[in-house]
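Novice: Line by line, the protein sequences give chains E and Y.
Just so we're aligned, residue 1 is where the first sequence starts under this note's numbering, counting upward by one.
Just so we're aligned, residue 1 is where the second sequence starts under this note's numbering, counting upward by one.
Incorrect hints may have been included.
Said to hold, decoys possible - With a cut-off of at most 35 Å between alpha-carbon atoms, the simulated DSBU-like pairs for lysine-lysine come out as follows: (1) Y/29 with Y/82; (2) Y/82 with E/179; (3) E/153 with Y/115; (4) Y/29 with E/179; (5) Y/115 with Y/86; (6) Y/29 with E/59; (7) E/165 with E/153; (8) Y/29 with E/153; (9) Y/86 with Y/29; (10) Y/29 with E/19; (11) Y/13 with Y/29; (12) Y/86 with E/179; (13) E/165 with Y/13; (14) Y/13 with Y/86.
Keep in mind that the hints were calculated from the coordinates and are not lab data.
Keep in mind the model is a prediction, meaning the values are calculated, not measured.
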Amino acid sequence: MHARFSDRLQREFQQRRAKNRRYSLRAFAAALGTDHSTLSQVLRNRRRVSVIRIRAWAKRLQIDPEETAAYVIAEQLIDDQALRRDTELRHWSAEAAAVLAGRTHWEIVRWSRTPEFRPDCRWIAERTGATTDEVNVALARLLRLGLLEIRGKDAWCACPAENEKEFRRLALARVRQRKSDAQSRTAIPNHL
Amino acid sequence: MPNPVLQFQIISKDPDQAAAFYSSLFGWKINSQNPLGYRRIETGSAEGIQGGIWPAPPQAPTFAQLFIGVDDVREAVASAEKLGAKLLIPPTVLPEGDEMAVLHDPQGMPFAVWKRQ
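Next up, chain E with everything else stripped away, as it sits in the complex (with noise of 0.2 Å):
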């Protein structure tokens, strides 16, 4: 467990309070030049304190610049959270991109409907004109798009696009849905 600097702050607020029973959270707040309701929700974990405020702070209360740095280290690998979130929002930004960048995805959602297709990805390479990677690339990305389903060795079921354009409209709409998902699943608190 790391050490936490909301944490130090609490214990710099009690020591301050043994020495002196009327000392206020206000005061205290304007110590570290804040405000009391910031600093309540801090003190009770509700918020959490960026790094340049920990450094602030740290350097009224005159910390140490050794205990300073290990309290910022901490926060950063609390923020591993917040970290993974935006790793997958990049994934999911670049996703759209590639689903918008070429048209090897909605080639591949086509043949899949002739009479005459392959569930054979350097079949499918061929009618594509993209190399076999190019269509597993892109097979993967439409599998995990839920834009394609292939629920047995001949059943390829692809989405209801009837054009490029509405398979289009219809990817960035399953894009902008894992998004969402991802925002929703790793909400973190405030970040001051």
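Since chain E is already given, all that's left is putting chain Y on it; use the hints.
Specialist: Same frame as chain E, but now just chain Y:
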């Protein structure tokens, strides 16, 4: 049935380079004569598991992934989701009849559940 690790998979930004590297280093044979054009790795040993190489999308890092054998892919997905996993690729039947799904474990590590034909 127990759930053994059946296969490893290298997700690579440059599958040809990865194939060349590992086959040169370890003498592994790479065979992509299958409907997915999937680069199957044959290590040449009965010990351990065999593997494969799959192309990574541009935004993904190169990494290795485990394929874990299950009796029922859909049931395995449901159990994993109850334990906090997130489904990435829903149950999918591969051209040769194997069925698989890819998930992220609660720490974000991707893995696959796989039922051989």
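Novice: Need the status of pair residue 29 of chain Y, residue 179 of chain E: alpha-carbon distance at most 35 Å?
Specialist: Not satisfied, since the Cα-Cα distance of roughly 40 Å exceeds 35 Å.
Novice: Check whether the Cα positions of residue 86 of chain Y and residue 29 of chain Y lie no farther apart than 35 Å.
Specialist: holds (33 Å)
Novice: Could you grab the alpha-carbon distance between residue 82 of chain Y and residue 179 of chain E and see if it respects the 35 Å cut-off?
Specialist: holds (21 Å)
Novice: Is the hinted pair residue 153 of chain E and residue 115 of chain Y satisfied, with a Cα-Cα distance of at most 35 Å?
Specialist: With Cα atoms ~14 Å apart, residue 153 of chain E and residue 115 of chain Y stay inside 35 Å; holds.
Novice: Could you grab the alpha-carbon distance between residue 86 of chain Y and residue 179 of chain E and see if it respects the 35 Å cut-off?
Specialist: The hint holds at about 14 Å.
Novice: For the pair we were handed, residue 29 of chain Y and residue 153 of chain E, check the Cα-Cα distance against 35 Å.
Specialist: holds (26 Å)
Novice: Just to be careful, I want the Cα atoms of residue 29 of chain Y and residue 82 of chain Y compared with a cutoff of 35 Å; is the pair within it?
Specialist: Measuring from Cα to Cα gives roughly 39 Å; hence the hint is violated.
Novice: For residue 13 of chain Y and residue 86 of chain Y, compute the direct alpha-carbon distance and say whether it is at most 35 Å.
Specialist: holds (23 Å)
Novice: Hinted pair, alpha-carbon criterion (35 Å max): residue 29 of chain Y, residue 19 of chain E. Please report holds or violated.
Specialist: Cα-Cα ~74 Å, so violated.
Novice: Measure nothing beyond the straight line between the CA atoms of residue 165 of chain E and residue 153 of chain E; if it is 35 Å or shorter, mark the hint as holding.
Specialist: Given pair residue 165 of chain E, residue 153 of chain E holds - Cα atoms ~28 Å apart, limit 35 Å.
Novice: Going straight from one Cα to the other, do residue 165 of chain E and residue 13 of chain Y come out at no more than 35 Å?
Specialist: holds (29 Å)
Novice: Given the hint that residue 115 of chain Y pairs with residue 86 of chain Y, does the C-alpha gap stay at or below 35 Å?
Specialist: Roughly 19 Å between the alpha carbons, so the hint for residue 115 of chain Y and residue 86 of chain Y holds.
Checked against the numbered hints above, the structure breaks hints 1, 4, 6, 10 and satisfies the rest.
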